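Using the sequences and the hints given, assemble the complete structure.
Protein sequences appear in the order of chains A and B. Here the numbering used here is used: the first residue of the first sequence is 182, the next is one more, and so on. Here the numbering used here is used: the first residue of the second sequence is 64, the next is one more, and so on.
The reader is advised that the hints may include incorrect statements.
Here's a subset of chain B near chain A, in silico, CB distances under 7 Å, partners left out [stated by the list, open to error]:
{"no.": "1", "residue": "T188"}
{"no.": "2", "residue": "D189"}
{"no.": "3", "residue": "Q190"}
{"no.": "4", "residue": "A192"}
{"no.": "5", "residue": "T196"}
{"no.": "6", "residue": "L197"}
{"no.": "7", "residue": "S198"}
{"no.": "8", "residue": "T199"}
{"no.": "9", "residue": "P201"}
FYI, nobody ran anything at the bench for these hints, they're computed from the structure. Remember, predicted model here, so these are calculated numbers, not experimental data. Beta carbons: idealized from backbone N, C-alpha and C, even for Gly.
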Amino acid sequence: MTAKIAIKDLYKSFGRKKVLQGLNLEIGQGESVVVIGGSGTGKSVLLKCILGLLKPDSGEIFVDGQPTTRMGGSERAHMLAKFGMLFQGAALFDSLPVWQNVSFGLIQGQGMKLAEAKKLAIDTLSKVGLGADVADLYPAELSGGMQKRVGLARAIASKPEIIFFDEPTTGLDPIMSDVINQLIAERVRDLGATALSITHDMASARKIADRIVMLYQGKIIWQGKTAEIDHSGNAFVDQFIHGRAEGPIQMEVRAS
Amino acid sequence: MNDFLATIGRSALDFFASVGRLFIFAGVALSHIVRPPFYFKLLLRQMMLIGYNSLPVVGLTSLFTGMVLALQSHTGFAGLGGDAAVALLVVLSVTRELGPVIAGLMVAGRVGAAIAAELGTMSVTDQIAALSTLSTNPYKYLVVPRILAGIITMPMLVVVADVIGILGGYIVAVYLLGANPSSYLHETWSALKFPDFMSGLYKAAMFGFVVTLMGCYHGYHSRGGAQGVGAATTNAVVSSSILILLMDYLLTSVFFS
Numbered sequence: 182m183t184a185k186i187a188i189k190d191l192y193k194s195f196g197r198k199k200v201l202q203g204l205n206l207e208i209g210q211g212e213s214v215v216v217i218g219g220s221g222t223g224k225s226v227l228l229k230c231i232l233g234l235l236k237p238d239s240g241e242i243f244v245d246g247q248p249t250t251r252m253g254g255s256e257r258a259h260m261l262a263k264f265g266m267l268f269q270g271a272a273l274f275d276s277l278p279v280w281q282n283v284s285f286g287l288i289q290g291q292g293m294k295l296a297e298a299k300k301l302a303i304d305t306l307s308k309v310g311l312g313a314d315v316a317d318l319y320p321a322e323l324s325g326g327m328q329k330r331v332g333l334a335r336a337i338a339s340k341p342e343i344i345f346f347d348e349p350t351t352g353l354d355p356i357m358s359d360v361i362n363q364l365i366a367e368r369v370r371d372l373g374a375t376a377l378s379i380t381h382d383m384a385s386a387r388k389i390a391d392r393i394v395m396l397y398q399g400k401i402i403w404q405g406k407t408a409e410i411d412h413s414g415n416a417f418v419d420q421f422i423h424g425r426a427e428g429p430i431q432m433e434v435r436a437s
Numbered sequence: 064m065n066d067f068l069a070t071i072g073r074s075a076l077d078f079f080a081s082v083g084r085l086f087i088f089a090g091v092a093l094s095h096i097v098r099p100p101f102y103f104k105l106l107l108r109q110m111m112l113i114g115y116n117s118l119p120v121v122g123l124t125s126l127f128t129g130m131v132l133a134l135q136s137h138t139g140f141a142g143l144g145g146d147a148a149v150a151l152l153v154v155l156s157v158t159r160e161l162g163p164v165i166a167g168l169m170v171a172g173r174v175g176a177a178i179a180a181e182l183g184t185m186s187v188t189d190q191i192a193a194l195s196t197l198s199t200n201p202y203k204y205l206v207v208p209r210i211l212a213g214i215i216t217m218p219m220l221v222v223v224a225d226v227i228g229i230l231g232g233y234i235v236a237v238y239l240l241g242a243n244p245s246s247y248l249h250e251t252w253s254a255l256k257f258p259d260f261m262s263g264l265y266k267a268a269m270f271g272f273v274v275t276l277m278g279c280y281h282g283y284h285s286r287g288g289a290q291g292v293g294a295a296t297t298n299a300v301v302s303s304s305i306l307i308l309l310m311d312y313l314l315t316s317v318f319f320s
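Set out below in structure tokens:
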């Protein structure tokens, strides 16, 4: 069976800094994979390469078996229509009210009429626990947690086949983080979507992942089912999931 | 010595790389102008923001420019018995040069900075990346409406600037310096030449393109949070102001050589 997303020998550098160094990963249809790893290990770069926001130096990315790295404008737009994404800071459009943010892809991408789009936006907002009264507010009027929910509503509004979550719980309190994790798990399951998330929040990873992948220095150093992570036998993974300063992962800490 | 040469070499390479990136950006943006989808509502909105909202500042600066021109030319030509030349000088200066240049610089300060700040904030908060994931081309949605609005509205602004600038000269010449109103108007009308007026409008369209292009380019490529947005805003205003004066010289040498 063809993987929904397959990444082969992916390399990406910025100047002398090598970020991705021969990364290989396959994600099956309907699978939820969470990529964990410290800051600067290449997690965000991986997502941006798959979306075509960054061009890899070498390697190939397949979506539904189609190579994507050399896709042109309209072909890429067609491919991106399969995707939804929740950005780290939600990335809501400041100039548009919440309902237009949620249904933006449907209005611009599919030409949906505004009245129909608003109805669908309110319906989608209810799926992430927000009432119709939020629809006419602007993003600046919302709390961080509400912005994340609106971002999630925007990511699922067009019923995408693949959803990316970039640090979905960063900046949220533990209770709101759990609410967002729960919503992500439920909505991905409802849609039957393939999900790829990046995070360094282990509670989030445990809640939303079928499989966890650990990235270190631009390569995958461990992957396995979520239940296996506590018995990985990998010193890097153990250090990361327990948040220990001592271990094989040396953080670059500059004394002030 | 080697370090010195290396520094010069690096600076030159950086400069040419920046110019290359700007040309590629402009080429991609212009190619999207003629390819659907077209966002007419966004174009109208930008025309209001860039054109209509700039009217007060462009009108005021043009008024004062025309007034100063009349005053300066009157005092400058007084000893030469050249009072009659005041109307000619005001009309030629305003329509050929000062109308488009003053309007261009004002719009660079007001609109170029606003575009760079808006797109810069969108860039550093991933809003531009979000557009791409929502089946929307950021060039078509953000850049094309702004550049088109700049090209269309700047000539309109300059028509207003020309009229107000000439009016400013008339006010000073007639009410302050005691010129005869009907003869001043007659000299103004005689001095007003269609090619001069049109050259100002061509310049204005080019300045509109330059201001909006530089605002979009610097904003789109802004990185590094609030500091990056601030730098993008400054760079947009400075680079578009320099380019306006450079383009003014080049276009003048083409039109009047």
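Quiz prompt | Hinted contact B:D189 with chain A - closest CB pair below 7 Å | solution = holds (4 Å)
Quiz item: Given B:Q190 was flagged as interface, is its beta-carbon under 7 Å from a beta-carbon of chain A?
Solution: The hint holds - B:Q190 has a Cβ within 7 Å of chain A, the shortest such distance being about 5 Å.
Self-check item: Interface hint for B:T199, Cβ within 7 Å of any Cβ on chain A
Solution: For B:T199, the interface hint holds, since the closest Cβ of chain A sits about 5 Å away, which is under 7 Å.
Exercise. Could you check if B:T196 really has its C-beta closer than 7 Å to a C-beta on chain A?
Key: Nearest chain A Cβ about 5 Å off; hint holds.
Exercise. Against chain A, run the beta carbon of B:P201 and see if the smallest gap drops under 7 Å.
Key: Hint on B:P201: violated, closest Cβ of chain A at ~10 Å, above 7 Å.
Quiz prompt | Minimum beta-carbon distance criterion (7 Å), B:S198 to chain A | solution = holds (3 Å)
Quiz prompt | Minimum beta-carbon distance criterion (7 Å), B:A192 to chain A | solution = Interface hint status for B:A192: holds (5 Å vs cutoff 7 Å).
Self-check item: Minimum beta-carbon distance criterion (7 Å), B:L197 to chain A
Solution: holds (4 Å)
Quiz item: Can the hint on B:T188 be confirmed by a CB-to-CB distance to chain A that is less than 7 Å?
Solution: holds (6 Å)
Violated hint for the displayed structure: number 9, the only one.
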